[in-house]
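S.K.: Here is how the chains run, residue by residue.
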Amino acid sequence: MREVRDQSISRQEIEAVFPKVAQVIADALGCDVEDVKPQVPLIEGLDAESIDFLDLVFRLERSFGVKIPRGKIVEDARGDMSEADFEQQGIVTEAGLARLREFLGEVPADRFKTPMKAADIPRLFTPETFCKVVVRAQRSVAAAA
Amino acid sequence: MDGRFRAFSFVDRITRLDPGHRIEGQYTVPASASRFPPALMAEAVGQLAAWAAMSQLDFTHRPVAGLAGETRYHGAAMPGQTLQLAAFIEQCDQEAIAYGGTASIDGQRVVELVHCVGPMLPMVDFDAPVAVRADFATLLGPGAPSGRFAGVDALLVQTIEHSAGKRLRAELQVPSAAPYFDDHFPRRPVFPGTLLMDSLSALALELASDMPSLRDGRPVVTSVRDVKIRTFTAPGQRLELVADVESSSADVIRMKLAARIAGKTIASARIDVARSH
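Protein chains in written order, with this note's numbering: chain A, 1 to 145; chain B, 1001 to 1277.
Hints listed in this document are in silico derivations from the structure and should not be mistaken for laboratory results. Ideal placement from N, C-alpha and C gives every residue a C-beta, glycine not left out. Mixed in with the good hints, there may be bad ones.
[As the list claims (entries may be wrong)] Below, in silico cross-link-like pairs of lysine-lysine (DSS-like), each with a Cα-Cα straight-line distance of 25 Å or less:
#1 K1264(B) <-> K37(A)
#2 K20(A) <-> K1256(B)
#3 K117(A) <-> K20(A)
[Said to hold, decoys possible] Beyond 12 Å from chain B on every Cβ pair, some chain A residues (computed):
#4 A109
#5 A142
#6 A145
Could you put the whole structure together from the sequences, leaning on the hints where they help?
M.R.: Written out as structure tokens, the structure is:
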């Protein structure tokens, strides 16, 4: 597994949820779980479409007993940056791209194309991206308890 | 546009609305309907949930067919019978509605929907919001007249491959004109996902009918799982339908279903077929 550059989430945390996340992805996409590698791009590598991401989020919520607001990945990546600073006319700004690179540390640098359409951000997502979503959601549940 | 709010509308009246949580209603299958496919019972529950979602979002968005985790069939609706419908809203916002629901006849549950998700799209692309709002008021008030649905014609399906006990592949010619396109949807005709599932179910039943474990009885669909409608099917499109047997026992035959256009999968599901007792 590639080095985890998002320092707020440990490799152990990701590895703990990965087997279940991989199975959920395999169920949602109708592929073999062996094909769900941590860094495989879900769209280019496993033929995921927008309906699959919706399916995936609801399945992860049920499997892990957490809430994952849709659009959460981009929202979390943007953080305290305003929407206008993050994207302009549908194109991710330089500052926005830097945020994305930092937030999606598991994604190889050469996959961040310039210019990048905001609508193409899901092309970057991998199973590991969703592992991190689950870990963050689990932390929210724990914090609320 | 004679078919609007008639030709493919399966809620006659909304009897209870607890916004964001629960909606109940009823639908009477017209006595004149020659055929009421079981998938249309699921359509009725889905439409009831859609009314809850549309009213919650002030008719700016409407859900379209997307995902259905599981639809369990316990019975069938005959012409003249009244379905008591209920839908339970799990989540609803401008992106999607998540819901479950049931349909019952005389207190007996005939269909259950579990973990269904409908992606939301702008209402103006499909219908006039003001007209939909008026229809909702009708359903909440006096109710719409029953007997509006005139039935659906059998669809033209041609077998192209039949490997007994293993696979059945067929071609479905979606009609270029049909009454239900006026209603589904007035501004953008779309072949209903439930009619597509009905055609795929028919394919599964045909494949099951010559399998040894079901030879002594009439095969019936007991459950349809993991339904995923990936894209809209327009009038006149030609689809390839495929049913593949995944496993078979004395009690149930499990199959994988897919619909494709030019080799691309546009819908998929899993189905359980059992012997009717």
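S.K.: Each hint needs a verdict: does it hold in this structure or not?
M.R.: Results of checking the hints against the structure:
no., hint, in the structure
1, K1264(B) <-> K37(A), "24 Å, holds"
2, K20(A) <-> K1256(B), "23 Å, holds"
3, K117(A) <-> K20(A), "31 Å, violated"
4, A109, "30 Å, holds"
5, A142, "22 Å, holds"
6, A145, "21 Å, holds"
Of the numbered hints listed earlier, the single one contradicted by the structure is hint 3.
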